[in-house]
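*Asks:* Using the sequences and the hints, build the whole thing.
Residue 393 in this note's numbering sits at position 387 of the sequence shown; the count goes up by one each step and never skips.
Treat the hints with care, as some may be off.
[To be verified] Okay, derived cross-link-like pairs now, DSS-like style, lysine-lysine, Cα gap no bigger than 27 Å in a straight line:
#	residue 1	residue 2
1	K97	K86
2	K467	K278
3	K415	K361
4	K464	K453
5	K524	K253
6	K278	K288
7	K452	K411
8	K323	K278
9	K415	K262
10	K415	K452
11	K479	K467
12	K524	K261
13	K85	K278
14	K98	K108
15	K97	K85
16	K411	K464
17	K94	K108
18	K467	K127
19	K453	K479
20	K361	K479
21	K453	K411
22	K453	K467
23	K463	K127
24	K253	K361
25	K464	K524
26	K127	K411
27	K94	K262
28	K453	K477
29	K104	K90
Read the hints as simulated data drawn from the structure, not as lab findings.
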Amino acid sequence: MVADALSRKHVLVSTLSSKLMGFESLKALYPEDPHFDPIFRECKELGRDKWILDRCSNPYAKFDGHLFKDGSKKAEAMKKLHEKVRQKHEKKNQEIAKRANKGRRSLILEPGDWVWVHLRKHRFPSQRKTKLIPRGDGPFQVLERINDNAYKIDLPPEYQVHNTFNMCDLSPIATVEDEHPPNLRTNSLQYGEEDTSTTSSRPFTRSQVRELQKLQVMFMQMAVLPRDAILQMFHSAHYAGEDLVSKFGLGEPWKKVFGPVFIYLNSVTSEKDPLTLWEDAKEQMQIQVQSWPYSFPCSEDFPSSSQHAGSWQRECKDYQFWTRADEEGKYVISNIRAGDYNLYAFVPGFIGDYKCDTIITITSGCSIEMDDLVFEPPRNGPTLWEIGIPDRSAREFYIPDPDPKYVNKLFINHPDRFRQYGLWERYADLYPNGDIVFTIGESDYKKDWFFVQVTRKKDEKTYQGTTWQIKFKLENINQDEIYTLRLALASAAQAELQVRVNDSSTNTPLFSSGVIGKDNAIARHGIHGLYWLFNVNLQGSVLIEGENTIYLTQANATSPFQGIMYDYIRLEGPPFYN
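*Replies:* Right, here's the structure in full:
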């Protein structure tokens, strides 16, 4: 309007008189404007109408018509235009809100209500840095209702954010009707309310809340109707990754019988120790093991055998039947389904697998007696040293105590002590200044070899690989011969194992496994996944007389769950090594 002032001065003054927002301050500046001041004085002395007539008699004056309009009328027209636009915007906003709120229910919170707070990444970046950190926190009380869509929450100061939240960041929770917050148990062994009548102590996302509501409805129906319901997951990638997920071609026919599955439910009164439920369940398990196989399944596809349906490494689509041989190596596998089979075996205490070269064809009612099967484990020369036990597990290595805040009391002083959450974080606690250095003849793998080689956390978002050292002494090295390093892995999770000898600074390792494994045994509190065996040939020239060092590097480092569980490591000398 300032740029157009010279052609529309009079109308501008009238428009400004309509008291549009912010224009009063602009209007006060115009008497000081050097271009506007002469026009303003003439209008004031001659009057508006005479000034217009004088100007119109000037043939050189050009007007666009705005000077002939009454200023007050234009001001009124501007007001009507603004009101019309405002009404149009309000109507459009109502239409958008109607579409956006379709299917939503109105929910109004009051001071004193309990809510979960959803931790959005943009507002709580440090609380959402990994997928294992809860996506919400609470319960917190509502302090003040600002409007139907905004509330002040009793948020602890350590979050360092303002305590006002939009309704989309809050989820209400049900509480007991008394003066105290709900008695939420942190685990099922604590005394408190029944699990079915309390909200989980772990926050839910909105999608999880919707699923929980569906489950609550289903459980209510189950309580009313005389019927049973159970959910079973027969295919999972939790411990072995996608390698054991069945993959099918287009139109490929497939069927497989799972089960039967036994469900045992027990209970005790609140006065008794809840741990008795665990002991009772284990006794019932032993009873069912002795009763297997069951005779009641009637499906023609059910494998009525005295053997278990299991799996062998990556084969998961077809049936497998397995058993354990006795001390003399004798075995029987009965009631096998008709079909063509391969025969595999492995022996605890030895590395490698056995596979029979002959395809075994099973027909109905047949009996096959196999010849003696001789398994020759991999070996090129005498053992110079070894670490661990070749049992396809990392159980024998050092497993630390968990962080006190993650303790599962069921596995305190338990043989399966690895079934504790967060053990991967304990590596950095135990080795804050460097990685493992294991000395043959001095170190003890039960105490000095951590059960999993994980990454090391550098800061909130980055990790670095770790390098473990094995120090050993050698004499009488034959530089023209081949030494063999056997590396048996119990599990691998998106890891790359690199081997260097006596020089950790070389860019190119003597051996690299490449990125291997999709096991989730680290995150799932396991002790093994799929088995891997690598045989690394070492030229004698890379070894030296006296002390040598083998560097084992897990180089892939983008998350806390990438790592390797070793089963067994052995260095063999060349044949006829003295």
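*Asks:* Compare the structure with each hint and give your call.
*Replies:* The hints, checked one at a time:
1. K97 <-> K86: holds (16 Å)
2. K467 <-> K278: Not satisfied, since the Cα-Cα distance of roughly 46 Å exceeds 27 Å.
3. K415 <-> K361: Judged against 27 Å, a Cα distance of about 42 Å means the pair is violated.
4. K464 <-> K453: Given that 27 Å is the threshold and the Cα spacing comes to 26 Å, the pair holds.
5. K524 <-> K253: holds (16 Å)
6. K278 <-> K288: holds (18 Å)
7. K452 <-> K411: holds (25 Å)
8. K323 <-> K278: violated (45 Å)
9. K415 <-> K262: violated (38 Å)
10. K415 <-> K452: holds (23 Å)
11. K479 <-> K467: violated (40 Å)
12. K524 <-> K261: holds (26 Å)
13. K85 <-> K278: Answer violated: K85 to K278 is near 79 Å, above 27 Å.
14. K98 <-> K108: holds (16 Å)
15. K97 <-> K85: holds (18 Å)
16. K411 <-> K464: holds (22 Å)
17. K94 <-> K108: At roughly 21 Å apart (the allowed maximum being 27 Å), K108 and K94 satisfy the hint.
18. K467 <-> K127: holds (14 Å)
19. K453 <-> K479: Cα-Cα ~21 Å, so holds.
20. K361 <-> K479: violated (36 Å)
21. K453 <-> K411: Answer holds: K453 to K411 is near 23 Å, not above 27 Å.
22. K453 <-> K467: Given pair K453, K467 is violated - Cα atoms ~31 Å apart, limit 27 Å.
23. K463 <-> K127: Distance ~20 Å between K463 and K127 Cα, so the pair holds.
24. K253 <-> K361: Holds: K253 and K361 sit about 24 Å apart, inside 27 Å.
25. K464 <-> K524: Status holds; Cα separation ~23 Å.
26. K127 <-> K411: holds (24 Å)
27. K94 <-> K262: Violated, at roughly 63 Å.
28. K453 <-> K477: holds (16 Å)
29. K104 <-> K90: holds (21 Å)
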